[in-house]
Each structure stands twice: as structure tokens, then as C-alpha cells.
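Residue numbers (our numbering), protein chains in the order written: chain A, 65 to 359; chain B, 86 to 307.
One or more hints might be untrue.
Stated by the list, open to error - Lysine to aspartate or glutamate pairs mimicking DMTMM-like chemistry, simulated, CA-CA at most 20 Å apart: (1) K231(A) with D278(B); (2) K339(A) with D163(B); (3) K196(A) with D163(B); (4) K259(B) with D281(B); (5) K210(A) with D163(B); (6) K329(A) with D281(B); (7) K231(A) with D212(B); (8) K159(B) with E347(A); (9) K328(A) with D278(B); (10) K237(A) with D226(A); (11) K254(A) with D278(B).
If you're looking for bench data, these hints aren't it; they were derived computationally from the structure.
Remember, predicted model here, so these are calculated numbers, not experimental data.
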Amino acid sequence: MNALTIKALGFAALLIIATLAVVIQMDIDLTDSINAIAVGGAIAIATITAYVTTLYIGKMKTDTATGELVDENWDGIGERTNELPSGWAYTFLGTIIWLVWYWFIGYPVFGFSQIGQYNEEVLAHKARYEKKFAAASPSELKDMGKSLFFVQCAPCHGNTGDGLSGKAHDLTKRISKSEVLDVINNGSNKLGYPMGMMPPGMASGKDAEDIATYIAGGLKGEAPASSAACTSCHGADFKGNNGMAPNLVAYDNTLISHVLENGKKGIIGTMPSFKTMITPIQEKALTAYIQSIVE
Amino acid sequence: MFFHWLEKNPFFFAVMTFAVIAFAGLIEIVPNFTEAARPLTTTTPRTVLELAGKNVYIKDNCIACHSQLIRPFKSETDRYGNYSLSGEYAFDRPFLWGSKRTGPDLHRVGNYRTTDWHENHMKNPPDIVPGSIMPSYKHQFTNVADIETAYAEAVTVKNVFNVPYGDDIKAGRKAWEAYRPKVLEDAKKVAADMKDEGVKKMIANGKVPEIVALIAYLNSLK
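In isolation and in its complexed conformation, chain B is listed as follows (with noise of 0.2 Å):
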């Protein structure tokens, strides 16, 4: 019987044991991420500044004290906005959930903070907030970002995950500096609302601050 050569072949039991464990979980599991992991209607990928400032938000390793999961809980709702949903993230490699919040949680900054504040704020947080124990970020307003690696990272994401990126991102050279002015323009459109006199001249120069990229992602988490 299959039953006593099932206990006579013990691997062949715990392939067996493990199929009909891993059944319950499919059946818990699937039907909820086939629903949730698609992006929403209204989630777009991120433009190529943005992206670049994810990557500064990385490298200072903002995640280590700020979130980006609202939970579905009223305290939250309250102060954050809206619950985050999964479909959120789909664009997002790696999401940055974060699991610590000595700050505030972000997820939906965009809605409730602007250019000029965040200006300031990273300058000196103390000045802003009172009692704020955040360190100040003043290397951000003189380190260029580099946009050029975040273009890599869309053309990247674009082939291997088909994120919906337009048809002027694509692989080579000369497709980025075709696209470099592009970048360069949604950076001006942000640091027109700051006032950091070496941000600007930056800017004038063809180069973008970190500052200015880190902004324009924190502007667009909505």
C-alpha cells in the first residue's frame, strides 16, 4: 500500500508532508497577492531624478529611523494619511517599509510637507522641529547625485521587469544624453523653490545636488 511505502522512504514522506502543508499556504496566500500585488491605476513609475533620489535616501540610510508603511490603524491614518496598499510598492526596488521609526514614517510626505520645508529641515532639524534628535544632512546641498546610475536602474527595471517606463529610456549612450536634459529640467523645477544660493549655482552648471534629487522623491511619495 502506498501508505506503508510512504513510511518506509522517509524523503519521499517529507516531500509529501511538505506538499500538503504548502497547499494550505497557497491556498491562504495566492488569492490575496494576485489581488494586491499589481500596481494601483494611479501608481507611476518613478522618474530618473526621483530615482536617484532614492538612492541618496538609501546611501544615508534614512530607512534605518524613517518607515514607509502606513498601517490600516486610526492612530496612523490620522497623522500619516491614508493606509499604504501593496500595489503602492510595485515599483519599487527594494521597497523601503523600513521597520524602526525614530522619525516619523514618510510614505505619504508628498501631501504634507513641501520644497522650502524640507530645505530647511535638512540644514538643521533642530531649527525646525524642537528637540528633534535628527543629524543635520548639510553634505546633501554639495554632493552631486548621480543621475547617471539612476538612468541605468529604469532602463534596467524597464527590460527585466517591464515597468512601464516611456519609450525614450532605453540602453546606450546616446540615449542618455538625449535624455540627460530632461533630468536636468525636473531638477530645476525644484530648486526653483529653494533658496540655497549654491544649489542653484549647481544646477547652472549641469550638475544636480543630492539635495535636489532626495527632494523630488520625498515630493513624490503621495
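Chain A with its partners taken away, still in its complex shape (with noise of 0.2 Å):
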């Protein structure tokens, strides 16, 4: 044992302290096996380095050079006729063998590309998702609805949902006065519910103004007369008649389904349809969220 050796030893001797060192200051669980194989790993690379540099140093220091001088010379450096060594020489036959490989299998347009990986994963992920959330429980919708709200709906209608003071539809409540009053003038926004559109000017004046006020209201007190122009369509309780025409009471599946998938223009605005921005389980989690949010 030489000088050299005893050096490079004391070398890894304090790599690995230092490294044991930092597993004890930042209390690394080792019976994870991750922490355990990456602090036998750097246990690994302190010797092998050791190792490898006492090798070489040593040889730096007793080898001489092998093999014939050949004649020619560049600037009196000279050469000598030594084999390639054989690492050297494999490593060229192998870049070949790769070589067709890559030129006839491996070569992107034959085969792998990243947005074709991004299909694949996708495909997989929906797979996945739809199969874990086939039989969602419904506060597991309702968890689900409330991020997707924040993503998809707070920006317009506001983290609360109340529409941020008239800058979009108030979804804490069904429907405003001014709603109810715009779509009996103008018609309506063609949800694309079985009933069709609904024609322009159903009733005007003071019909349109006490209706208004009563449907805005949650159907408080006496229906108006003139309501009747609505329950032939809305269904006499207003509740849409099973589907045929929106709700005008509550927040039910069909209406939240319909919107979210046509859009709508109303009198407040515009809204795009989210028909290719979320699937049918969101759409069913955020509906869950949006009859919770109603007061």
C-alpha cells in the first residue's frame, strides 16, 4: 500500500462520511428503498472513484509507451502503431449495427413521435378516468365539480359564482328579473331543447313585467294570469315539462347539460359552449357543484 492509495481511500472515506453525514442532519428515511438505493449509490460512485483514480494515477506514473514509432511525425510529435483498443473498436461496430437499425425501424417517421405518445397517453388516461369515476360517489362529483368550476367557470361567473356583480349570469340564484324580462322580448337563446325557440314577445307591458317579477321571485304568491302564455311550454309548475323546455325554477341535469354544451347569448352576454373542453362525468360533477352552490 502506497502513499497514493492511502490518499485516495481517506478521499472516499470523507465523500462517504460527508454523504452519511447529510442522511443523519436531514433525517432521510433509508427503509424507503428509493433514499436507500440513492445513498448506496453515492456510496458506490466515492469508491469508484477512488478506485478508478488511483489506477490511473499510478499507471501515469509507471507506464511507458508501447509499440513501433511510425516515420512520419507532425511537429516532432510522433505516433506509434498500437491496435485500437477494443472498447474503442466495439463501440465503432456498434454505432454501425445501430446505424441500420435507426435508418430502418428506429427512424421517427417510421414509427414512435412525441404527439403520437401524447395520443397514446391520453387514450390511456381517459380509459383510466372513466373507469374510476364510471360510479363516482356524489360528493366525489361535487369535490370534482368544485375544481373543474374553478378552472372552467370562475373566470366569467366569479369564484363564488354570483356572476361578479352583473358581469356574467348569477348562478347562485335560478334567474333575474331583467332575464326573464329579455328573453320574452327578444326570444329565446336556442338551448336546443325539443321545444324549439321560443318565439319573441309571448306577452309585453305589465304581463311581461309581473311575470318577470314572479319567476324571478321563486314563485312566490299568486301566478299572474298572463303566466299562462309560459306554462304551456315551461310546464305548469315551470319545471320544463320533463325536459321538453328549460327549468325555469331550479338548476336542473337537462338545462346545465344543455347550456354547457350549445352556450348561450343572453342579455348579460355571450357564452361559449363547453362541448370539447369537458367530458360527460365533468359535465355531471359540475352540475353536482352548481345545484350545491344555489341559495
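Starting from two chains that each stand alone, build the complex the way the hints lay out.
Written out as C-alpha cells, the structure reads:
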């Protein structure tokens, strides 16, 4: 054992002690296999570094050149006729084999592409997602709906769904007086209900005012006589005649799904369609959440 | 021998080295470029009003905080819509990919935001998005958009880059005078969904406020 070996061993020991010090200092859990492997790797690297350095520094001290000098020299620097190191030669041959593989099989045009990988991953994710939430419980749906609401709905309807003081529809209430009046005067929003489009001017003047007050007020008190014009399509209880026309009392599943898929244009502004942005399960989740925030 | 000759002529040696390396590059890059750089069948050139809006987008430096490039990652496509394809930028000069997302990506903002939303938002963003650090762009409601330059741009890219604009877009003062009402018509359609009185007044006077051009441009990002 010479001085060099001792120095190298000392250096390796120092690295290993430093590693262990970090492990102890940061209170790392070594029963976790990932941590254990990482620490093992650090120790292995320290040992291998010490070994390889010793080996080659030792060689540099004692090695002499072998092989014959060739006749040519370049500004006094000569070259010896040694074989190519076998590791290099095999690597070179390996690259030729790899070239053939890459040229005929591995080249991206023939097989792999980033977009293809993305498509596969998304399909796999969708399948997993559909399976996991196929029979989601109401509370699970509500939680999912809440986070979806923050991403997709809150930018316009506000974090609480109140419509940011009139900048979007207030989802905490079913419908406001001005909205009812707008629909009566200008007709329906073409939401895609079986009843089709509502014509403008079903009622006017004080009749329209009375209807709007009655519906926006949550059907309290006596129904105005003129509201007979509404009940023929929206049902006697204004609940939409089992999905034939929009429900005017509550956000039922049909109403939310029609608005999400077709978008909406009303007195406040335009809502885009979310057909391509959310899946059927997410639609269910949003429905559950929106129904839960109505006062 | 050729090899010895090359060794003694460093310039030609460098040229050969470049040729060999460039060949590998060509094999990798060119096939994909020729396929992907063409406009999609659904890609249409921007209208003059939208071009004017694009110039407002550049002038007010939206690109400093907003990108226009959706990468094929699920986290991005969930939020912004389908990933971007290179053919979609075929008519963009310059492209506005951006490299910094202080705000969200805008490449498909036309799919999920509307004119009235933009109007409210550009006046004072924190009113609409709590905690937003985007500044207010009120000046866009009073500044007049330069639709004339936008028209000149359309004529230029049509003649120089063969962008498929219609026959009514051509050089000359007369052609512009004939085309101007169409731009105003487009602007009117956008302004119809807006509530700002000043904007409506400017449109009635035959001027296009920057906000109208910008919203037309944002709505065209799909």
C-alpha cells in the first residue's frame, strides 16, 4: 500500500462520511427503497472514483509507451502503431449496427413521434379516468365539480358563482328579472330543447313585468294570469315539462347540460360552448356542484 | 489522394465537414418541415381587422406575458384545448409563440372567452380575475386602430408570400377606399356585443378603437 492509495482511500472515506452526515442531518428515511438506493449509489460512486483515480495515476507514473514509432511525425509529435483499444472498436461496430436499426426501424417517421406518444397517453388516461369515476359518489362528483368550476367557470362567473356583480349570470340564483324580461322580449337562446325556439313577444307591457317578477321571485304568491303563456311549454310548475323546455325554477341536469354544450347568448353577453372542453363525467360533476351553490 | 489533399487545405476540409454534418441535419429536419409547415385546410388568413388587432397585440406587448403555443401535454390540452400544429401559424408574420407565461396561453382563447368578457377584463383585469396582476388597458378603448397599415400588410403578404387573400385586397388608394367599409362592417359586428358607449360612438364616426380590433383578433384565435 503506497501513499497514493492511502490518500485515495482517505478521500473516499471523506465522501462517504459526508454522505452519511447529510443522511443523518436531513433525517432521511432509509427504509424507503428509493432513498436507500440513492445513498448506496453515492457510496458506490465515491468508492469507484477513488479506485479508478488510484489505478490511472499509478499507471501514469510507471507506464511506458509500447509499439513502434511510425516514420511520419507532426511538428515533432510522433505516433505509435498500437491497435485501437478494443472497447473503442466494439463501440464503433455497435454504432454501425445501431445505424442500420435507426435507418430502417427506429427513425421517427416510421414509428415513434411525440404527438403519437401524447395521443396514446391521453387515451390511456381517459380510459383510466372513465373507469375510476364511472360510479362516482355524489360527494366525489361535487368535489370534482368544485375544482372544475374554478378552472372553467370562475373566470367569468366568479369564484363564488355570483356572476361578479352582473358581468355574468348569477349561478347562486336561478334567474333575475332582467333576464326573464329579455327572453320574453327577444325570444329564446336556442339552447337545443325539443320544444325548439321560443318566439319573441309572448307577453308585453305590465304582463311581462308581472311574469318576470313572479319567476325571478321564485314563484312566490299568486301566479299572474298572463303566465298561462309560459306554462304551455315550461309546464304548470315551470319545471320545464320533463326536459321539453328549460326549467325556470332550478338548475336541473338537462338545463346545465344544454347550456354547457350549446353555449348561450343573453342580455348579459355570450357564453361559449364547452362541448370540447369537458367530458360527460365532468359535466355531471359540474352539475352536482352548481346545484349545490344555489341558495 | 483526395484525403491528403483535403488535409492540406483546411478551408475545403471545413466545407466538407459542414456538408457531412448538414446532410444529417437535412435528413432529420426536411421531411418533417415539408409536411408540417403547410397551412391546415381550416387555416384562413386573418381579416384586415384581425391584422390590426394583431398589431395592437404586438404594440402593447401582450407577448411578454402570454404565449400562443399549446404543447402536447395533457395538463396543457386540458386547460387550453388541442395542442398547436405548426401549420396553424402559416399565415402569422411574425408568429407570436412567446416564451413566457406570466398569464395563460392564448392560442385558442377564442374558443372559451367572448367579446363581452374581454371588454370587462381589459378595463380592469382584477375585477374579473381576483388576484390578477395584469394591468388595465383602458387606453385601447380610446386609441384608434391603424386599419390602413393592416390593409397594407395584407396586400404585402398577398403579393410577396402568396397568402390567399381575395381579389378585393390589392394595392392602391382606390382599392383601399373600396375595402374600408368591409373592415368597418366587421368592427360593427364585434362592437354590437360590447357595452362601452365611447366605443359605439367611435364606430358610428367611422373609426375603429384598438379594443375592437384586438377583440376581433382574440376571437379569431381558435
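Hints, verified against the model:
1. Restraint check: the Cα-Cα separation between K231(A) and D278(B) comes to about 13 Å, which is no more than 20 Å; the hinted pair holds.
2. For the hint pairing K339(A) with D163(B), the CA-to-CA distance comes to about 13 Å; that is within 20 Å, so the pair holds.
3. Proximity of K196(A) to D163(B) is assessed by CA-CA distance (about 18 Å); at most 20 Å being required, the pair is judged to hold.
4. Pair hint K259(B) plus D281(B) does not hold up; C-alpha atoms about 33 Å apart against a cutoff of 20 Å.
5. Note on K210(A) and D163(B): the hinted pairing holds, with a Cα-Cα distance of about 16 Å set against a maximum of 20 Å.
6. Distance restraint check for K329(A) and D281(B): the Cα-Cα separation of roughly 18 Å lies within the 20 Å cut-off, and the hinted pair is therefore satisfied.
7. Our distance criterion of 20 Å between C-alpha atoms is met by K231(A) and D212(B), whose separation comes to about 10 Å.
8. A threshold of 20 Å between alpha carbons decides the hint, and for K159(B) with E347(A) the separation of about 19 Å falls inside it, so the pair holds.
9. Taken as a hint, the K328(A) and D278(B) pair is honoured in the structure, with Cα atoms around 13 Å apart against an allowance of 20 Å.
10. For the hint pairing K237(A) with D226(A), the CA-to-CA distance comes to about 8 Å; that is within 20 Å, so the pair holds.
11. Taking the CA atoms of K254(A) and D278(B), the gap is near 17 Å; set against the 20 Å cutoff, the hint holds.
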